[in-house]
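A.B. asks: Each chain, written out:
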Amino acid sequence: MSGTDGDRPPPPLRSPRQELADSTAHGEVYLRRLRHAQLQLSLLALVAFGAVFGVLPLALYLLPRLDHVHLLGVPLAIWIMLVPLWPLFIAIGWLYARRADALDAAFRDLVQK
Amino acid sequence: MISLAAISAVTVGTLGLGAWGVRFVRTTSDLLVASRSVTAWWNAAAISGEYLSAASFLGIAGLELQLGASALWQSLGFTAGYLALLLFVAAPLRRFGSYTIPDFAEARLRSPRLRPLASAIVMLIGGFYLLPQLKGAGLALQVVTGSPYWVGVVVVAAIVSVNVAIGGMRGITYVQAFQFWVKVFAISVPACVLLIHFGGLPGRAALFGQQLPRAPARGLTVKLPGSQAVQFPAAARITVNGRPLAVAAGAHRTLPGGVPIHLPAGTVVPVADGTIAQTGAHWSRPVGGTHESSPLLVYSLLVATFLGTMGLPHILVRFYTNPDGHAARRTTVRVLSLLGLFYAFPAVYGALGRALTPQLYMTGQTDTVVLTLPKAAWPGTIGTLLSALTAAGAFAAFLSTSSGLLVSLAGTISYDVWPRLRREPPSGVSVRRWRFRIAALGAMVIPALLALLARSIDISILVGWAFAIAASTFCPMFLLGVWWTGLTARGAAAGMLLGASIATAAIFTGLALADAQTSTVGALLAQPALISVPAAFAVMIGVSLWDPVKIDAGAEMLALHAPEGLGLRLAEDELAARPEIASSKPG
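Residue numbers (my numbering), protein chains in the order written: chain A, 170 to 282; chain B, 252 to 838.
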């Protein structure tokens, strides 16, 4: 998630907070790194979501045999649409929010050092 | 009568709470104080309450009855939209501090000239979204009281616009949260009671097997509201107003309205023109059962709902009752779980309706299944009470969503459009308040007239268009504006114009060529997001790269992404002092 050591700016003489407040080049590097880390996290969550939910319509379309699998008298495909996706949405959302807040907190620590 | 009493109770309760709440908010606190005392769960309930519209309450079950299980993608898409909002825009937009979409467009891209375009798109989306709410109101009052369709449209349009104009229901958090729980109660209780009453789903052969919906053992007597062209999927001998009528399989007939039509037990129910008779096996296929559930259409709908939610004009402003970006994220995660709770239930009505109210296939009024099912499935007091409950919930849906939309529309008209037309400098608070009132009364007229014309179009289809336009205009502007420093005002304008044009043109072409809907092209005309969204993104990026006028977006990026509590951002009080914010703030 965080940048490599290579693109870390030299040890600042002024505090990161000052650099940010004056929007100097150094300040922008700090902020860009946060933005990129957040975007990477969002895209990762999107990929996780797309890998399950995005593929589902195609999978159900290509596997018509699923229609004959019934659970408690209701086709499995309908169960799949009604039940397991909601916990998936919530889990991805919750994990994402936790991680995004952690990135913000790390940034706050860096700036307030 | 009980239904009418329930509807009146919800309406009066909502208006009363709104009026009381406004006084409370005005006297004791301003937005910022209020926002600190509102917990994430209350906020989430309020967001969900404003979001769950006629499309969710009536439309999904109606579409499921008509098309089959593919309608359930809609409820998944409506919820997934909040995941997209959470991942990409919730915290940055809250931090940025723009209360409306035109505010964001202007501030992020430093271009006052983007305002008129953004305002026009707000009105386009708001109008498209108001239309199905009013259509739902017309249908609901028709079912409950037997009044003509236009009565419900006019009554709800009048109540909402007068109420917004006099200042009630200005998006008060607690009122909207109350509406959410009314809706959950009203949709879940009848569904559970009916499922228990029937010991599960009746008529499985027509739901999941090889059967078409048939008249029940006691026969089926239907009075059509008007003459109706129908198709008979199988040969039938029916009685029309006492006279026998034999029809061959596949024949089309126009049945008269207002007279009893009797279908003997076991007769395959004819379907209104425009509906396709499906066996249970086809009906229950989530993808590919008919052309209307082709994978292309399903994906296009999912793209529209996934990306369109963030661009709906009445959603963004609700996020300002969150005190900071962190709270905005927490609230959105809770919205996901509250919506999941609600969307478990509409599916039950579609399935029960197919088995127990097959006459809706004849009348073509599949959108009313949530309202008619309880009474028809369980004649007697309990069924009547349950129907009254769903009617009350439906009205809660119309009132909350259309009020939220109308506040956004009237705000845009009174603040952005009106002064521009008069070419005058910003005016005082009292003038703006009057303009807001007049705009609230006026903005309802066009959607109401269109609702009278759009009677035959399904609620879900209409809402799908609003989402498609939002996904092809504001969504790319938000995503690129929040995450890419290279977006320019010209790029955003070009992309939004193109996205709105493609989406609108496709929708109207699809309407004009009603027959084309059986093909792939027809599917994309009905739900153009799969084309219009990538086109809008491509043009936005392309024009921004070409545009020689670059913006140094450093300050904007700081406002969007720097966490609170570092003393880096514009003070909250300073933001609240800006007049355009004071006029549109939620409580």
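Certain hints may be false.
[Said to hold, decoys possible] In silico SDA-like cross-links for lysine to any residue, where the CA-CA straight-line distance does not exceed 25 Å: (1) K474/B with E357/B; (2) K801/B with R741/B; (3) K801/B with R201/A; (4) K474/B with I708/B; (5) K474/B with G397/B; (6) K474/B with T635/B; (7) K801/B with R202/A; (8) K801/B with E197/A; (9) K801/B with H239/A; (10) K801/B with S362/B; (11) K801/B with H205/A; (12) K474/B with T526/B; (13) K474/B with R488/B; (14) K801/B with A274/A; (15) K474/B with C443/B; (16) K474/B with M252/B; (17) K474/B with G460/B; (18) K801/B with Y199/A; (19) K474/B with I527/B; (20) K801/B with E357/B; (21) K801/B with L208/A; (22) K474/B with P507/B; (23) K474/B with V413/B; (24) K801/B with G816/B.
[What the hints assert, rightly or not] Listed next, with one range per pair, are the computed distances between beta-carbon atoms: (25) G631/B with A220/A: 23 to 29 Å; (26) R504/B with R234/A: 54 to 60 Å; (27) D270/A with L703/B: 45 to 51 Å; (28) A456/B with A228/A: 41 to 47 Å; (29) R706/B with V238/A: 36 to 42 Å; (30) F449/B with R234/A: 25 to 31 Å; (31) Q281/A with T736/B: 51 to 57 Å.
Keep in mind that the hints were calculated from the coordinates and are not lab data. Keep in mind it's a predicted model, so treat the numbers as computed, not measured. Cβ coordinates follow ideal geometry from the N, Cα and C atoms, glycine included.
A.B. asks: Each hint should be assessed against the structure and marked as holding or not.
C.D. replies: We went through each hint and held it up to the structure:
{"no.": "1", "hint": "K474/B with E357/B", "result": "violated, 55 Å"}
{"no.": "2", "hint": "K801/B with R741/B", "result": "holds, 10 Å"}
{"no.": "3", "hint": "K801/B with R201/A", "result": "holds, 18 Å"}
{"no.": "4", "hint": "K474/B with I708/B", "result": "holds, 21 Å"}
{"no.": "5", "hint": "K474/B with G397/B", "result": "holds, 12 Å"}
{"no.": "6", "hint": "K474/B with T635/B", "result": "holds, 19 Å"}
{"no.": "7", "hint": "K801/B with R202/A", "result": "holds, 21 Å"}
{"no.": "8", "hint": "K801/B with E197/A", "result": "holds, 17 Å"}
{"no.": "9", "hint": "K801/B with H239/A", "result": "violated, 58 Å"}
{"no.": "10", "hint": "K801/B with S362/B", "result": "holds, 12 Å"}
{"no.": "11", "hint": "K801/B with H205/A", "result": "holds, 21 Å"}
{"no.": "12", "hint": "K474/B with T526/B", "result": "holds, 19 Å"}
{"no.": "13", "hint": "K474/B with R488/B", "result": "holds, 17 Å"}
{"no.": "14", "hint": "K801/B with A274/A", "result": "violated, 32 Å"}
{"no.": "15", "hint": "K474/B with C443/B", "result": "violated, 29 Å"}
{"no.": "16", "hint": "K474/B with M252/B", "result": "holds, 20 Å"}
{"no.": "17", "hint": "K474/B with G460/B", "result": "violated, 28 Å"}
{"no.": "18", "hint": "K801/B with Y199/A", "result": "holds, 22 Å"}
{"no.": "19", "hint": "K474/B with I527/B", "result": "holds, 21 Å"}
{"no.": "20", "hint": "K801/B with E357/B", "result": "holds, 15 Å"}
{"no.": "21", "hint": "K801/B with L208/A", "result": "holds, 22 Å"}
{"no.": "22", "hint": "K474/B with P507/B", "result": "holds, 9 Å"}
{"no.": "23", "hint": "K474/B with V413/B", "result": "violated, 36 Å"}
{"no.": "24", "hint": "K801/B with G816/B", "result": "violated, 30 Å"}
{"no.": "25", "hint": "G631/B with A220/A: 23 to 29 Å", "result": "violated, 50 Å"}
{"no.": "26", "hint": "R504/B with R234/A: 54 to 60 Å", "result": "violated, 38 Å"}
{"no.": "27", "hint": "D270/A with L703/B: 45 to 51 Å", "result": "holds, 49 Å"}
{"no.": "28", "hint": "A456/B with A228/A: 41 to 47 Å", "result": "violated, 27 Å"}
{"no.": "29", "hint": "R706/B with V238/A: 36 to 42 Å", "result": "holds, 40 Å"}
{"no.": "30", "hint": "F449/B with R234/A: 25 to 31 Å", "result": "holds, 29 Å"}
{"no.": "31", "hint": "Q281/A with T736/B: 51 to 57 Å", "result": "violated, 25 Å"}
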